[in-house]
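S.K.: Residue numbers (our numbering), protein chains in the order written: chain D, 1 to 120; chain F, 1 to 120; chain S, 1 to 92; chain R, 1 to 92; chain Y, 1 to 130; chain H, 1 to 130.
Since the hints were made in silico from the structure, they are not lab data. C-beta atoms are modelled at their ideal positions from N, C-alpha and C, and glycine is treated no differently. It is possible that part of the hints are untrue.
Sample of chain D residues lacking proximity to chain R, with all beta carbon distances greater than 10 angstroms (derived) [said to hold, decoys possible]:
id, residue
1, Ala54
2, Ile74
3, Gln81
Covered by chain H, according to a simulated footprint, are these stretches of chain F (three or more residues, beta-carbon under 8 angstroms) [what the hints assert, rightly or not]:
id, segment
4, 19-30
5, 107-118
No more than 16 angstroms apart at the CA atoms, straight line, and that leaves these computed lysine to aspartate or glutamate pairs for EDC-like [as the list claims (entries may be wrong)]:
id, chain 1, residue 1, chain 2, residue 2
6, S, Lys55, S, Asp74
7, S, Lys55, F, Asp115
8, D, Lys3, Y, Asp123
9, H, Lys2, R, Glu79
10, Y, Lys2, D, Asp115
11, D, Lys86, S, Asp21
12, Y, Lys2, S, Glu79
13, R, Lys55, D, Asp51
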Amino acid sequence: MSKSILALCRRPPYGDALAREGLEAVLAAAAMEQAPVLLFMHDGVFQLLKDQNAKSIEQKSVRRNLEALSIFGIDKLYVCQHSLEKRNLNCGQLRLPGIAIELIADPGRFIAAFDSVLSF
Amino acid sequence: MSKSILALCRRPPYGDALAREGLEAVLAAAAMEQAPVLLFMHDGVFQLLKDQNAKSIEQKSVRRNLEALSIFGIDKLYVCQHSLEKRNLNCGQLRLPGIAIELIADPGRFIAAFDSVLSF
Amino acid sequence: MTLHIVSKSPGYSNALMDCADSFVEGDILLLIEDGVYALSSLPENIPVQAVHYLKADVNARGIVVTMEYQGIDDTRWVELCCQQNPVVSWFK
Amino acid sequence: MTLHIVSKSPGYSNALMDCADSFVEGDILLLIEDGVYALSSLPENIPVQAVHYLKADVNARGIVVTMEYQGIDDTRWVELCCQQNPVVSWFK
Amino acid sequence: MKFTLVIFSAPHSAEGAASALRFARALLASGHNLYRVFFYGDGVHNASALEAPPQDESHIVAGWQALQQQHQLDLVVCIAAAQRRGLLSASEAERLGKPAANLAAGFELAGLGQLVDAVVYSDRLVTFGD
Amino acid sequence: MKFTLVIFSAPHSAEGAASALRFARALLASGHNLYRVFFYGDGVHNASALEAPPQDESHIVAGWQALQQQHQLDLVVCIAAAQRRGLLSASEAERLGKPAANLAAGFELAGLGQLVDAVVYSDRLVTFGD
Numbered sequence: 001m002s003k004s005i006l007a008l009c010r011r012p013p014y015g016d017a018l019a020r021e022g023l024e025a026v027l028a029a030a031a032m033e034q035a036p037v038l039l040f041m042h043d044g045v046f047q048l049l050k051d052q053n054a055k056s057i058e059q060k061s062v063r064r065n066l067e068a069l070s071i072f073g074i075d076k077l078y079v080c081q082h083s084l085e086k087r088n089l090n091c092g093q094l095r096l097p098g099i100a101i102e103l104i105a106d107p108g109r110f111i112a113a114f115d116s117v118l119s120f
Numbered sequence: 001m002s003k004s005i006l007a008l009c010r011r012p013p014y015g016d017a018l019a020r021e022g023l024e025a026v027l028a029a030a031a032m033e034q035a036p037v038l039l040f041m042h043d044g045v046f047q048l049l050k051d052q053n054a055k056s057i058e059q060k061s062v063r064r065n066l067e068a069l070s071i072f073g074i075d076k077l078y079v080c081q082h083s084l085e086k087r088n089l090n091c092g093q094l095r096l097p098g099i100a101i102e103l104i105a106d107p108g109r110f111i112a113a114f115d116s117v118l119s120f
Numbered sequence: 001m002t003l004h005i006v007s008k009s010p011g012y013s014n015a016l017m018d019c020a021d022s023f024v025e026g027d028i029l030l031l032i033e034d035g036v037y038a039l040s041s042l043p044e045n046i047p048v049q050a051v052h053y054l055k056a057d058v059n060a061r062g063i064v065v066t067m068e069y070q071g072i073d074d075t076r077w078v079e080l081c082c083q084q085n086p087v088v089s090w091f092k
Numbered sequence: 001m002t003l004h005i006v007s008k009s010p011g012y013s014n015a016l017m018d019c020a021d022s023f024v025e026g027d028i029l030l031l032i033e034d035g036v037y038a039l040s041s042l043p044e045n046i047p048v049q050a051v052h053y054l055k056a057d058v059n060a061r062g063i064v065v066t067m068e069y070q071g072i073d074d075t076r077w078v079e080l081c082c083q084q085n086p087v088v089s090w091f092k
Numbered sequence: 001m002k003f004t005l006v007i008f009s010a011p012h013s014a015e016g017a018a019s020a021l022r023f024a025r026a027l028l029a030s031g032h033n034l035y036r037v038f039f040y041g042d043g044v045h046n047a048s049a050l051e052a053p054p055q056d057e058s059h060i061v062a063g064w065q066a067l068q069q070q071h072q073l074d075l076v077v078c079i080a081a082a083q084r085r086g087l088l089s090a091s092e093a094e095r096l097g098k099p100a101a102n103l104a105a106g107f108e109l110a111g112l113g114q115l116v117d118a119v120v121y122s123d124r125l126v127t128f129g130d
Numbered sequence: 001m002k003f004t005l006v007i008f009s010a011p012h013s014a015e016g017a018a019s020a021l022r023f024a025r026a027l028l029a030s031g032h033n034l035y036r037v038f039f040y041g042d043g044v045h046n047a048s049a050l051e052a053p054p055q056d057e058s059h060i061v062a063g064w065q066a067l068q069q070q071h072q073l074d075l076v077v078c079i080a081a082a083q084r085r086g087l088l089s090a091s092e093a094e095r096l097g098k099p100a101a102n103l104a105a106g107f108e109l110a111g112l113g114q115l116v117d118a119v120v121y122s123d124r125l126v127t128f129g130d
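Work out the full structure, taking the sequences as your base and the hints as a guide.
M.R.: Encoded structure:
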């Protein structure tokens, strides 16, 4: 059975557990060959920022989880363009080794195309 | 020892536990003759709305806690005027038996006058 | 088309405005829990007939609904989930 | 004067705008946790020299601070709490 | 239709826990199938055997247990989220050297694979947020 | 100065739990007095004896216990908030007929009077939100 699954990642990385636990669910799915598509929206785009040093607040960086995506064959992430612009960010600040970033201008149509959406 | 204590009530009543547990703390303080002053701001003003029927979602009404305030000698509540106006509400919709409502136009100066502030 | 479920108040959360960014024609909006506080100030791009709310949550809070939005019960909520897909929750 | 502590991001919460409603001259603002995401878009009524943030939270998140705000450590945070009163936390 | 619910809300902390239970009752009453309920994040506290709310407040843990008995529901608690939050079965408590267990009857601990499986095999996925 | 901290955040769920622990360490290191730490709302989970985070994640419960031993801190957990959320001492578990207890050593359950007392007798009150 094949289903298209979207993981909607909307939370910034360290203030609560949702970003981290969302990525853990994504990795579990990818390991079972049910890799979801990832769309980063709103403050979720902050998960991708380079140069995170979470040791300063005694946490682990979520970049480690993101970098693991490529091991499981996820080589592209989607990012809401409007969310990025609203936060004065550009793609160069989000780069991940081995993973392409595609900007989405119309998240509504993008989301509607999936069979299931996991919100994190 | 006498201290001026402010309870800052900013949460609407049923979506999470903060409004209810805040009022429980206020009642405990009042019972110990350390009655705090209550200031309702932002969505906290929704705690005061009349005609709440929380049974429909299997909860207890927070109006019961509010009505108990007068038993402990709290006969006045403060409400942020701007928060009320922004939500198109008026004092008539908030009336509580035996308790007066005073509108506060400058919450910043009001808050600064207290020794301690409990945020709920 | 998508069923959007919003459970937070616009008085403290951006969840509803975030949802509105992703609302397209044919989608349905359901306001639950603190989301029903949005009934007095919905975003302009969401048509009146698309807006639904849980009556139980409105009654609990003592809110008066003045517009022609659809008040529904839990059974109708289940039906909406069957009728639309995907179901997207906007919380926090 | 008051020390205001804001711990939520303006990207999902109204906490900072709510705090700004109650900010008066002489008050200090401290941004902690997700509150540091506000450093790029602070409300106009809060003067630059009143704004402080926890360096640990900024470093954790990979944020670059371009304005002349005060980055502080936990020891200085304790000092600010001694210097100002009351201490008001704006969360949720 | 086959539904799966994902629950992030803890009872008595966020209304989502109560909404999810009401929704589950309604969908079962309408003749639909509840393939699985997956408790994740703070939602793991729905499976606490030690919760003791005041008599006049609703008891959500007991609500799930009653529904489970009646419909043989699959109530799965994410084991990693549960360990972080202090929710352990007897065997987990023993394995981790902890002094007690507090997983309520009717719930089981399992990995995220159970969430993935549920997404794949359900017609509808509904998330109850925190 | 005499400080009291009120904590609404659960460890591993909201960063406020970790911020509060760091703040407590800093104020004690600066020679101030920590009159009481009051755990309220979801903050009661800071006192869970059953928490088992992964080895490489910080263990906040253990952090409070170490600080308590070193400085004889008064770590008080609101008993009403704890009952609702499944956090019980051995005597509470027995009284309520529950099968186990999970209050960590170094913490004690008490009523809201302990919060009121702390507000009255402290110079500074700092709240850590959820």
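S.K.: Please go over all the hints and tell whether each is borne out by the structure.
M.R.: Status of each hint after checking the structure:
Some Cβ of chain R comes within 10 angstroms of the Cβ of Ala54 (chain D); the nearest lies about 5 angstroms off, and the non-interface call is violated. Distance to chain R confirms Ile74 (chain D) as a non-interface residue, since its nearest Cβ pair spans about 21 angstroms, more than 10 angstroms. Listed as outside the interface, Gln81 (chain D) is consistent with that label: its C-beta sits roughly 15 angstroms from the nearest C-beta of chain R, beyond the 10 angstroms cut-off. For a cut-off of 8 angstroms, the count of residues in the segment 19-30 of chain F with a CB near a CB of chain H stands at 5, and the three-residue condition holds.
Using a Cβ-Cβ cut-off of 8 angstroms, 3 residues of the segment 107-118 of chain F lie near chain H, which meets the minimum of three, so the contact claim holds. For the given pair, Lys55 (chain S) sits about 9 angstroms from Asp74 (chain S) by alpha-carbon distance, which is consistent with the 16 angstroms threshold. Between Lys55 (chain S) and Asp115 (chain F) the CA atoms are separated by roughly 42 angstroms; this puts the pair beyond 16 angstroms, and the hint is violated. Between Lys3 (chain D) and Asp123 (chain Y) the alpha-carbon distance is near 10 angstroms, which keeps this suggested pair within the 16 angstroms criterion.
For the proposed pair Lys2 (chain H) and Glu79 (chain R), the alpha carbon gap of about 13 angstroms is at most 16 angstroms, so the pair holds. Proximity of Lys2 (chain Y) to Asp115 (chain D) is assessed by CA-CA distance (about 13 angstroms); at most 16 angstroms being required, the pair is judged to hold. The suggested pairing of Lys86 (chain D) with Asp21 (chain S) holds, with an alpha-carbon distance near 12 angstroms, which does not exceed 16 angstroms. Taken as a hint, the Lys2 (chain Y) and Glu79 (chain S) pair is honoured in the structure, with Cα atoms around 13 angstroms apart against an allowance of 16 angstroms.
In summary, the hint linking Lys55 (chain R) to Asp51 (chain D) is supported, as the alpha carbons are separated by about 14 angstroms, within the 16 angstroms threshold.
Comparing the model with each numbered hint stated earlier shows that hints 1, 7 do not hold.
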